[in-house]
Amino acid sequence: MLLQQYRELRPTLQKLSDEAYNLLRHALREQGIYITAMEHRVKTEKSLMGKLELKGPKYKSIDDVTDLVGLRVITFYTDEVDKVAAIAKRMFDIDWQESVDKRKLHKLDSFGYNSLHYICRLKTGGPRFELQMRTALQHVWSTIEHDTGYKGDVKVPDVYLRQFNRLAGMAELMDDEFSRLRTVLTDYRRQTLALVKSGKLDDVPLSRDTFRSYLELHPFDRLNKRIAAVNQAEIWPVSVMSYLPVLESFGMETLGQVQRFIDENSEDAHQLALSQLAITDLDILSSNTALQYLCLVYVLKHDGGRDGLKSLYDLINGENDANGIVADMMMEQAKTLPFMR
Amino acid sequence: MNVRIEEIDGNVVAILEGNLDTAAAAETEKAMSPLNDVEGKDIIIDCTALAYISSAGLRIFLGILQNAQAKGGHVYIKGINDNVRAVFTITGFSNIFEFK
Chain A
0 MLLQQYRELR PTLQKLSDEA YNLLRHALRE QGIYITAMEH RVKTEKSLMG
50 KLELKGPKYK SIDDVTDLVG LRVITFYTDE VDKVAAIAKR MFDIDWQESV
100 DKRKLHKLDS FGYNSLHYIC RLKTGGPRFE LQMRTALQHV WSTIEHDTGY
150 KGDVKVPDVY LRQFNRLAGM AELMDDEFSR LRTVLTDYRR QTLALVKSGK
200 LDDVPLSRDT FRSYLELHPF DRLNKRIAAV NQAEIWPVSV MSYLPVLESF
250 GMETLGQVQR FIDENSEDAH QLALSQLAIT DLDILSSNTA LQYLCLVYVL
300 KHDGGRDGLK SLYDLINGEN DANGIVADMM MEQAKTLPFM R
Chain B
0 MNVRIEEIDG NVVAILEGNL DTAAAAETEK AMSPLNDVEG KDIIIDCTAL
50 AYISSAGLRI FLGILQNAQA KGGHVYIKGI NDNVRAVFTI TGFSNIFEFK
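The listed protein sequences correspond, in order, to chains A and B.
For the first sequence, numbering that gives the first Met the number 0 begins at 0 and goes up steadily by one.
For the second sequence, numbering that gives the first Met the number 0 begins at 0 and goes up steadily by one.
A portion of the hints provided could be inaccurate.
[Stated by the list, open to error] Just the calculated beta-carbon pair ranges, DEER-fashion:
1) Y187(A) to P33(B): 43 to 53 angstroms
2) A277(A) to G78(B): 24 to 34 angstroms
3) R28(A) to N35(B): 20 to 30 angstroms
4) K70(B) to R28(A): 17 to 27 angstroms
[As the list claims (entries may be wrong)] According to the in silico footprint, chain A covers these stretches of chain B (three or more CB under 8 angstroms from chain A):
5) 53-66
6) 87-99
Simulated from the structure, these hints should not be mistaken for laboratory data.
C-beta: ideal position from N, C-alpha, C; glycine also.
Based on the sequences and whatever the hints tell you, model everything.
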């Protein structure tokens with residue numbers, strides 16, 4: 000009888016599965032919550048039969064089976080499980096009698112399946128559905144545990160169950176450490192950004208993150224605009240991050256050193272760019288032009304010569320013979336400039 | 000200015016010949032526009048016979064690159080002469096494209 004009810008209900012369940020999935024996906028996106036994956040499914044008849052075989056007497060009607068439709072949200076971090084849950088509470092009516100936070104079911108000295116399960120209903124009514132929320136590590140653990148432990152043909156010996164539970168403990172520890180690390184890094188980024196904004200650049204080590212924050216101050220804009228003014232050129236925005244290894248190769252360790260590098264070389268970089276561009280009618284430049292000429296001047300001022308320029312272009316463009324030709328051309332133009340004397 | 004588009008070894012190859020100056024830009028842009036429809040294949044702009052490129056030419060290349068990157072594709076520039084390479088370098092675009 001339950002199976003017959005299930006068959007009649009199936010189109011409704013499919014619609015519910017799609018609707019609940021789309022509603023939640025949209026809400027998560029709106030709230031800017033990045034998740035690893037989101038899945039949804041309608042329970043298959045075979046799976047339902049298996050469930051009824053095991054727990055049949057528990058169910059009086061098909062409505063008593065709460066996971067005919069299942070949604071699963073897999074997050075990166077543990078605290079995001081709670082954020083997803085908060086959103087779900089707002090989106091759906093939650094059946095608190097049936098919902099369970101498996102993370103809180105373990106005794107102090109036990110580890111195992113960690114997942115938050117809500118039994119929900121759309122605000123507009125209809126059948127209930129199950130929403131599982133867990134981290135990627137919890138998901139991996141439970142998927143493997145399910146695959147290995149519930150085959151049913153052979154009872155898994157206690158010694159192996161203990162190994163699974165040890166791994167669950169390890170996954171829990173890793174989840175906590177990832178969350179802690181994220182908090183520490185977020186604080187570090189915030190502090191660094193504050194230092195950058197307050198101008199205490201000598202206190203900020205040069206790294207990918209700090210350089211990105213520094214770029215928010217548009218440190219190359221002034222020189223770019225001066226160079227662009229030569230031919231009233233348009234400045235085409237591109238990423239400047241590829242120049243970070245170049246600055247590091249110059250031995251720069253703080254943003255203060257980068258700022259001094261700009262201050263001390265801007266005039267000569269402008270002169271070098273002028274010598275190249277004034278004889279052309281090129282009226283489009285990339286936004287890393289200023290930094291490119293700053294780097295060229297820096298190499299030349301530090302007696303890098305033609306080989307230094309070639310190495311610089313190898314770093315910027317990747318190694319190739321043509322970089323030697325460009326280095327020769329740049330050397331030829333640069334040798335007449337005042338800073339080379 | 001001549002433009003030929005062919006499919007070679009699973010890549011879409013645009014073969015350019017002549018001077019890509021301001022006067023030739025509009026016609027060249029139109030001839031290269033099929034490259035904007037390429038999906039799932041790499042684009043190669045063969046510049047072996049390209050003698051000169053102007054800002055207008057650079058803009059065409061940048062447009063093709065932008066379009067391809069938005070679809071996860073690659074644009075390779077092949078066989079450029081020293082003059083054309085100099086234009087890419089002094090305008091700061093030499094590390095934006097992939098050269099073959």
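Hints, verified against the model:
1. Y187(A) to P33(B): 43 to 53 angstroms: 49 angstroms, holds
2. A277(A) to G78(B): 24 to 34 angstroms: Given range 24 to 34 angstroms: holds, Cβ gap about 29 angstroms.
3. R28(A) to N35(B): 20 to 30 angstroms: Holds - the Cβ-Cβ distance for R28(A) and N35(B), about 29 angstroms, lies within 20 to 30 angstroms.
4. K70(B) to R28(A): 17 to 27 angstroms: This hint holds: roughly 22 angstroms between Cβ atoms.
5. 53-66: holds (count 5)
6. 87-99: holds (count 9)
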